[in-house]
Amino acid sequence: MREQSHTRRRRRTPVYLGVFAAAAVILAACGDAEQNALDPAGPFAQAPHDLIIPVAWIALAVFIFVQGLIILSVVRFRTRKDDDGSLPKQIHGNTRLEVIWTVIPAVILAVIAVPTVQGIFEVMEEPEDYLTVEVIGHRWWFEYYYPDYDIYTANEFAIPTDRPVRLEMTAADLARSPDLGVIHSFWVPRLAGKQDLVPGQTTFLNIQADEPGRYLGQCAEYCGVSHANMRIRVEAYEEADFDAWVEAQTQPAAVPADGTVEAEGRDLFLELGDGRLACASCHQVWEGDGDRAPQQGPDLTHLLSREEFAGAIHDMTEENLREWLRDPDSMKPMQYEVNGIGMPNLDLTDDELDALVAYMLSLD
Amino acid sequence: MSSTTEQTGYAGRPRQRDGFVGWITTTDHKKIGVMYFITVLVFFALGGIESGFIRWQLAQAEQNVLTEEIYNQFFTMHGITMVFLVVMPLSAAFFNYLIPLMIGARDVAFPRLNAFSYWVYLFGGIFLYSSFALGGAPNGSWVGYAPLSTDAVSNMAFYAVGLNILGVSSLAAAVNFIVTILNMRAPGMTFMRMPVFVWMALVTNFLLLFALPIIAVALFMLNVDAVFGGQFFEPATGGDPILYQHLFWLFGHPEVYIMILPAMGIISEILPVNSRKPLFGYAAVVFAGAAIGFIGFGVWAHHMFTSAIGPVARSAFALSTMFIAVPTGIKIFNWVFTMWGGKLRFNTPMLFSIGFVSMFTIGGLSGVTHAIVPHNAQQHDTYYVVAHFHYVLFGGALFGLIAGIYFWFPKVTGKMMDEKLGKWHFWTWLAGFNLTFGPMHMSGLLGQPRRTAVLPGELGSTVELYNLLSSLGFVVLFGSALVFLYNLIDSTRNGEASGDDPWDARTLEWITPSPTPFENFHVVPTITHRDEFWHRKYAEDEAGRAIPVPAGAAEDPDAGAEHDEHIHMPDPSYWPLVQTLGFFPFGYGLVYGNFLLIGLGLAWLVIGMYGWIIEPVAEGDDDEPDDAEQVAPTATAGAH
Amino acid sequence: MATDVATTTLGIDHRKLGMWTFLGSEFLFFGAFVSAYLLYLDTTAGGPGVEIFDIPFTSISSFVLLMSSLTMVLAHHAHTKGDLRRMRLWILATAGQGAVFLGGQVFEFNVFFREGLELSTSPFATSFYILTGFHGLHVFVGILLLGSLYVLSLTGKIKANQDVKTEMIGLYWHFVDIIWVVIFTVVYLIPEIAVLD
Amino acid sequence: MSSTQTPEQQADQGHDNHPTPRQYVNIALVLAVLTALEVSTYFFEFGAIAIPLLVVLMVVKFLYVAGWFMHLKFDSPIYSRLMYTGLAFALVLYAVMAVVTLFDHAPMI
Ligand code: HEA
Ligand code: HEA
Ligand code: CUA
Ligand SMILES: [Cu+2]
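Protein chains in written order, with my numbering: chain A, -11 to 352; chain B, 4 to 643; chain C, 69 to 265; chain D, 5 to 113.
None of these hints come from the bench; they were simulated from the model.
C-beta: ideal position from N, C-alpha, C; glycine also.
Warning: the hint list may mix true and false statements.
What the hints assert, rightly or not - Under the rule of at most 27 angstroms between Cα atoms (straight-line distance), these lysine-lysine pairs were calculated in the DSS-like manner:
| no. | chain 1 | residue 1 | chain 2 | residue 2 |
| --- | --- | --- | --- | --- |
| 1 | C | K149 | C | K225 |
| 2 | B | K418 | B | K346 |
| 3 | B | K426 | A | K69 |
| 4 | B | K423 | A | K69 |
| 5 | B | K540 | B | K418 |
| 6 | B | K346 | A | K77 |
| 7 | B | K540 | A | K69 |
| 8 | B | K426 | B | K346 |
| 9 | B | K423 | B | K346 |
| 10 | B | K540 | A | K77 |
| 11 | C | K227 | C | K149 |
| 12 | B | K346 | A | K69 |
| 13 | B | K540 | B | K346 |
Unchecked claim - Now the stretches of chain C that chain D is said to cover, found in silico as 3 or more residues with beta-carbon under 8 angstroms:
| no. | stretch |
| --- | --- |
| 14 | 88 to 99 |
| 15 | 103 to 111 |
| 16 | 127 to 134 |
| 17 | 141 to 151 |
| 18 | 244 to 255 |
Said to hold, decoys possible - A short, non-exhaustive set of chain B residues, derived as facing chain D with CB atoms under 10 angstroms:
| no. | residue |
| --- | --- |
| 19 | I181 |
| 20 | L212 |
| 21 | P216 |
| 22 | H249 |
| 23 | F300 |
| 24 | S310 |
| 25 | I312 |
| 26 | G313 |
| 27 | V315 |
| 28 | A316 |
Just chain A, same shape as in the assembly:
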């Protein structure tokens, strides 16, 4: 047979792999993405990171060792051109070697296991002096509630820097949603690993940002048609800025002056007519009286304080809002018709759209 000529090429594969791996690591280091798990920005992301790095080196060492052995045997023991056709020595095994390659990996793993178990408990522990944020996963947007301040918001939320935030999470409020709830997962890689939100149960996750800035994430547990469009934005503020944000959010929404197009929009918002469902039956714009408690849709009291909407996938621009109200499904696939989930198309006329969009844009 003519295989010998191919042995040289065999050698190139692992080399190519190595080059590839190296290139990949380098590229990663200069990645600037705000959703990068390799770039922790707080203690709850840092600790796992510090754990995985040595493990990655160990894995790389094992990898190089095994591939090295393979390459070595391939090169050394290929059948040579001048081979006499006799058979090699028939070796059946070697007990000492078997013991060695049973014990060494076991020891390596035992060494890795200790910090792993420690890490598990550390990350899950209740931190000191934390801020609680309740998180509810809906199909397909996140809702946030600050029990300390009685603030509701959606998709985007703010946290103070240098202070642990403990998320108390569940999926879909059964009482006020036709969506009986499916499993979602909260994941902002630079702040912490992910944790699932399970309907009917409460799970917890600690996050913390050391630096102010914006941290991105998204739902990481497949939750149906718009799973890809269920994103998370965290704004981390220095303490003073955070207090200002809280202050702004606790304000009731301004009621537009009579006769303006915004006021027209507000009327439509409360009562759409023609047997159409009113916006207010799903959305809350809290104007100061009564409970501040949203229904099944996102709280819109300070809509404009957010940069993006609809699962944080669209910029908060006039055109986008208009398109969203005109035909929500074209902006984000939902299942209102079949399942009652998401935002319905309310067949708004152009005039109604003008008024409603103007009203939305006044909600800052």
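Use these hints to put chains B, C and D with the ligands onto chain A, whose structure you have.
Leaving out everything else, chains B, C and D with the ligands in the frame of chain A:
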């Protein structure tokens, strides 16, 4: 084979062994193996095309090639197809063809049950794919988590019922192969003389035996919840969605070893043959395989590290998961040392086997990093995991199985597959594979979650680059697959004649002529060694050097064996096919909650069962022939 | 095929080995349903719970099923002795007891249903019905098998020397009985006592 | 388990060593008595021992049916191995699952 049974006096039993009727009524393990193989090719093409669309959609950020609905259906069906309709049945194809040959038997223990398994597999696959025409394919991912999957819009009733049908096939096959291996070995074939492939088949089938009932329950519960108003996983009344995850992964993790162990068995046969020396540490490899299977039952919650389980469970499962690397490592090192000191021949099967060892190691190591629980929270449900399991499934299971295809092709057809094309296939396959799945490690760590229909631009340019590379990799793989397909078809027709023992092989199946004759062995061999065939060809001198035994010099070990007067071979039967059709009404009934259809299907299955039972006793049937009938003259043996 | 026991590797019949292999896996099947049931014992969503059980009634039907194992084994015994006539008699007795058990179950389900325990009432209800229902389905299949045995032995398809067939079906039947032994204790008696306390 | 200790050589060669009908009836009588005992826990107060007692009775009945009616005591040990492997898998796996679900699980709301 051309022999027809010339029985007289019995009605309703097909006589033909060739032609179309011969195929659809066959109970011959070899033909059934080939049918499995061809069916797998079709499903592989489907699964591959689905993944092609996935890669197309993700080639750039914010693309709109597919709608979310279609994307979700495609990745779900891709996963289901590759796992349940490609890798598992391809392993079954090898089990079918090889187990009887390797243990010196003439067929499996229950030939008609074997045909039944095949038809259930085929119809289960058709059933699943029929959902595309009936309002949409399942779109709840291959793990089918509740309560999402109990929602009607997920179409997951098709998944629950379809997989349960496939489960029936696998369970029947598992019982069949276990009995075959335990009870039909040729004289002298002790456990420690069995080829490693047979060992791995045994372990795999035990895993199936114990894992399938668990998923059967999980799927049935899903079915009841989705269609009949059950409350198993319904949070509103206190049902616990996590229970589904436990049940699924109690099956799901053994399942991944069900997919890898047959491939490990295959390369344990190929590496020694092409290193021209016996497997290093046979006992260790066998033991490690059994250990992997056993420990594999105790690690399931490592898929649930970010789910609602507490720190104690997370720790316990992290430990058991890491521990499984030890027996796997034993195998890797034994394979490498099988090559060490040998005289390696780099034919295509060998290349794929070495590729297996190399690529599987990568996937295994990333698996160990998954077990670092605190960091698993970063990796879970990202493309890093997608990379892991494609490295073990594609780089592992599929590489091994393809190696097996090249290796045993001459056994099945009597022809060689083209070596040149084979090498083209290998190198493009290896390159395309790494190009597709290598970058996913990075895109995952950079924050790209899996099962997302759009690649958000916000993830950054590096991720887009990696995704583009992955998509290019698919193009390479596609071309490579075409080369393979061409090679298969062309070699079947025009391949070089292989002779009976083209590889100078070691195990029993090569003792028989290629292609394998209908009754496998003219004389059932008596086994005196592990690697029996090798020992009939070579003797070892004191130094451990092998010297060929001149043909005819050694005593024919089978000379003393009684030449069977007449060989009993199983007769063809319509019933497995006919009965299995009952799964259609039954299945659709369960999907649509239609009790009429369910009843019809059940009645059909029962009637089919009776047809099967009262089928005339034929010589070669797996029924005890009555004394009077046993004297009936047998035509099968005469044909040779 | 090589069903001739003498020529198999282990010296045992394929079909018996196959049946046992299958039964081994059935434990995992019922085990999952039993676990779900136990986890959901208290999850009644305001509907009826375990107090709904009528222990004396279920005791009687359980006892009938238990005794059917005796008649089954006697049927097998008769078959080993080549006594097909007596075998058929015992088969009938076994199937009859199975039918009584099933009838009891149907009755029980009806009562529960009328008392407000529907399949969709609660996870407890679903898991109770599905677990015991699946067991009932097994009994039903067993009765079908026994019926076939009866008919086929009449038509001569099952012969006096083929007692392995009766044995196989017997194994299945006893297994279903064994499972009920477990269900009776774990599903009915223990929760009932735990609740009454 | 006594049934697994059956020596190999006894394996399934014919049915000579199977029990007699009389023995079968005796076993059935024992089973009947055990069942009566079980049911009596419902009618009489057994206190803390009721549940352990029920479990023991269940196991004994199980072993009797398996050992005698299913011939595990007399047949090839491979059957016992198959069956008890399945049983052991089921017990251990589901026990672990139940422990995780009951004791190491997110709080329900
Ligand atoms: C063939 C299939 C296969 C195989 C063999 C494996 C093998 C392993 N898998 Fe993998 N796995 C999958 C298929 C497979 N997996 C699939 C399909 C999923 C995703 C399911 C889904 O969510 O859709 C998955 C997901 C998955 C997860 C969950 C990830 C997540 O979703 O968060 C984890 C976590 O621990 C894991 C771990 C492992 C480990 C430790 C092994 C080990 O068995 C690997 C052992 C091998 C080695 C380690 C290499 C060789 C060893 C040596 C050279 C010795 C020296 C080594 C050391 C000292 C470390 N796998
Ligand atoms: C053995 C299993 C297996 C195999 C081989 C593959 C093969 C491939 N898979 Fe994978 N994949 C899975 C198992 C597998 N997959 C699983 C279990 C999932 C998880 C699903 C889930 O999340 O639920 C998954 C998910 C998955 C994803 C993630 C989707 C998502 O999360 O959104 C992606 C993305 O790129 C992907 C890509 C690919 C590609 C490009 C290939 C390619 O390698 C495919 C190459 C194949 C071909 C190119 C075939 C071409 C064939 C022919 C040309 C022959 C023609 C023949 C005839 C006409 C007879 N797969
Ligand atoms: Cu919510 Cu995915
Ligand atoms: Cu796993």
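Could you work out which of the previously given hints the structure breaks and list their numbers from low to high? none
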